[in-house]
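Asks: We have chain A; now place chain B onto it with these hints.
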Amino acid sequence: MNEATLTELVGRGDERHLLLAVDESANSRRAVMYVADFFGSYRDVFVSLLTIIQEPSEDYFPTEEKRRRWLEDKRQAMAGVLEEYRRILLDAGITEERVAANISVRPCVSIGDAILEEQEKLRCCIVVVGRRGISHDEEFIFGSTSNKILHHAHNCAVMVIE
Amino acid sequence: MPQRNSHPTAPPTAADIRRLVVAHAGEERTPDKFQVITDTSDFFKVEYNDVVVLGDRPYWVKRYEKEGRFGLDDEPKYWVRRAVDLVDGSTKILKLVFHEEFETRIGSMVITCFRSPKKEARILDLVAEHANFMHGHWVLDAAGNNIRILEFIHGPRYDTVVEGLGGDHRDYFDHHLVGVLDQFVEALQAIKFLHDHGEKHGDIRRDHLIWDLDRQVIRWIDFDYNYLHRESMFSLDLQGLGNILIFLVGRGDVLVPDLHRDRRDLFDTLWGEDLSISYKHRVANLKKIYPYIPESLNRILLHFSFGAKIFYETTEQMLDDLARARDDVASATGRGS
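One line per chain: the protein sequences are A and B, in this order. All the letters of the first sequence, read from the start, carry residue numbers 1 to 162 under the working numbering. All the letters of the second sequence, read from the start, carry residue numbers 1001 to 1337 under the working numbering.
Next comes chain A alone, as it looks inside the complex (with noise of 0.2 Å):
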């Protein structure tokens, strides 16, 4: 994100400014949904649409440039998945300059906290996500991104999607 759009973004002051984190997944497009319809008549709600991509480690690939090339793809991939869900949300009413769309490509040792400090850096004071539905062995091997947010989020609440 430049530092003019973050600068626009977190001087939102009283604003709700409502931070949707998603990902390609069935669950995040129900979110998405679920806040058209039910932000969708708000006037002074501002959505900001993010979306984490795990830079990956050099161990993944053979060489850098396929490294690139992955990641170039992903990004690529977002981009499109993000467009659509703006359309989602500007269909239901909120205006285009309520809306913002970012990716964010970093090293992450946790989504959720990657979220949770972007959260904290546009001064968002909801956090949306869906919920994968994965079972009790899924959360342990590989930890769930809803559960770590309701969990460590301070200073906002957190909505969860089903």
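Since the hints were derived computationally from the structure, they do not count as laboratory data. Source: prediction; values computed, not measured. Worth double-checking, as some hints may not be accurate.
[To be verified] Listing some non-contacts, in silico: residues in chain A with all C-beta distances to chain B over 12 Å:
#, residue
1, Asp37
2, Arg75
3, Met78
4, Ala79
5, Asp113
6, Ile126
[Unchecked claim] When the alpha-carbon atoms are kept at most 27 Å apart in a straight line, the in silico DSS-like pairs for lysine-lysine are as follows:
#, chain 1, residue 1, chain 2, residue 2
7, B, Lys1066, B, Lys1045
8, B, Lys1118, B, Lys1062
9, B, Lys1062, B, Lys1077
10, A, Lys66, B, Lys1118
11, B, Lys1033, B, Lys1062
12, A, Lys74, B, Lys1118
Here a beta-carbon is modelled for each residue, glycine too, at the ideal position from N, C-alpha and C.
Replies: Okay, now just chain B, sitting in the frame of chain A:
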């Protein structure tokens, strides 16, 4: 990162190498013919008694290393060779490049793992001064393959050492568990060191923890695995640590089929939530089997049980709980306070 241990001298000739082999093994044990290899890309072509020259240093190749995995004990690792450093006569382990991608199963879960020479080389550099890891260096061969040259550790697997401690479990608990927990804390701190530097071990299993007889410490080996993590980068490492701790506290796996056969009274007290989340036939709630285990220690084990509601996210959390549990075991047994 520069390659290490490369020598500014000219590479040894075939005659030099032959002289070094004779000096090491004697004329009668020196083979008539052997290959001198500088490109290890096809590791199947590296045969017993061949000499691999890495960074101008010759290594006389011996047997394959073996490993138990996927239920196949003594599976040969063709890319891992024991070798003699012909300059100083020391035993080394050569890990040649094998870009393996495979799926491993933990309970019902399937995880795609990668074998990454780059990762292991990076960690070897990171842990060069750390007592609780295997040591070694890496060299690029003539074809640019990243070969790891590891110091040989003299000693058995740590789990086999622990299995031999004490008479019955009560005796083990009373006389040995505090010491074992102290050593496990060292191992846990070593993994914390990796995590603090943004690295995961990637393959924490009890056969990757070796008791070094010379240095009298436990040491982690084999950190060339990596996998694409999801929410939590370190959860798989933590899960491995939990499985090892359950093994150490129980001085072996407490298996449901064994209890069903031999201790029906204990078997009848077990619920699904008492079992290990990773291995459903192992008991995690060991207090039901050994009631003298302190609550504080058992609570740690329950974080790795099927009934767990909260999981550890960091080694630090586990270390905090373990410090209290270790003190409780010391108080209960009057040892190691």
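Asks: Classify the label on isoleucine 126 of chain A as holds or violated, using whether its beta-carbon is more than 12 Å from each beta-carbon of chain B.
Replies: holds, 20 Å
Asks: Tell me if the straight-line CA distance from lysine 1118 of chain B to lysine 1062 of chain B falls inside 27 Å.
Replies: Roughly 24 Å separates the two Cα atoms, so the pair holds.
Asks: Does the alpha-carbon distance linking lysine 74 of chain A and lysine 1118 of chain B stay inside the 27 Å limit?
Replies: holds, 23 Å
Asks: Are the Cα atoms of lysine 1062 of chain B and lysine 1077 of chain B separated by 27 Å or less?
Replies: holds, 13 Å
Asks: Any Cβ of chain B at or closer than 12 Å to aspartate 113 of chain A, or is the non-interface label fine?
Replies: Given that some Cβ of chain B is not farther than 12 Å from that of aspartate 113 of chain A, nearest at about 9 Å, it is violated.
Asks: Find the nearest Cβ of chain B to the Cβ of arginine 75 of chain A and say whether that gap is larger than 12 Å.
Replies: holds, 17 Å
Asks: CA of lysine 66 of chain A to CA of lysine 1118 of chain B, is that 27 Å or under?
Replies: Holds. Lysine 66 of chain A to lysine 1118 of chain B sits at ~15 Å (cutoff 27 Å).
Asks: Would the hint linking lysine 1033 of chain B and lysine 1062 of chain B be met if the CA-CA limit is 27 Å?
Replies: Between lysine 1033 of chain B and lysine 1062 of chain B the Cα gap is close to 15 Å, so the pair holds against 27 Å.
Asks: Aspartate 37 of chain A: least C-beta distance to chain B exceeds 12 Å?
Replies: It holds; aspartate 37 of chain A is separated from chain B by about 27 Å at its closest Cβ, greater than 12 Å.
Asks: Does the claim that alanine 79 of chain A lies outside the interface with chain B hold up, using a Cβ gap greater than 12 Å?
Replies: holds, 21 Å
Asks: Hey, lysine 1066 of chain B versus lysine 1045 of chain B, does the alpha-carbon distance stay inside 27 Å?
Replies: holds, 18 Å
Asks: Classify the label on methionine 78 of chain A as holds or violated, using whether its beta-carbon is more than 12 Å from each beta-carbon of chain B.
Replies: Since the minimum Cβ distance to chain B is about 16 Å, methionine 78 of chain A lies beyond 12 Å and the statement holds.
The structure fails hint 5 only (numbered hints given earlier).
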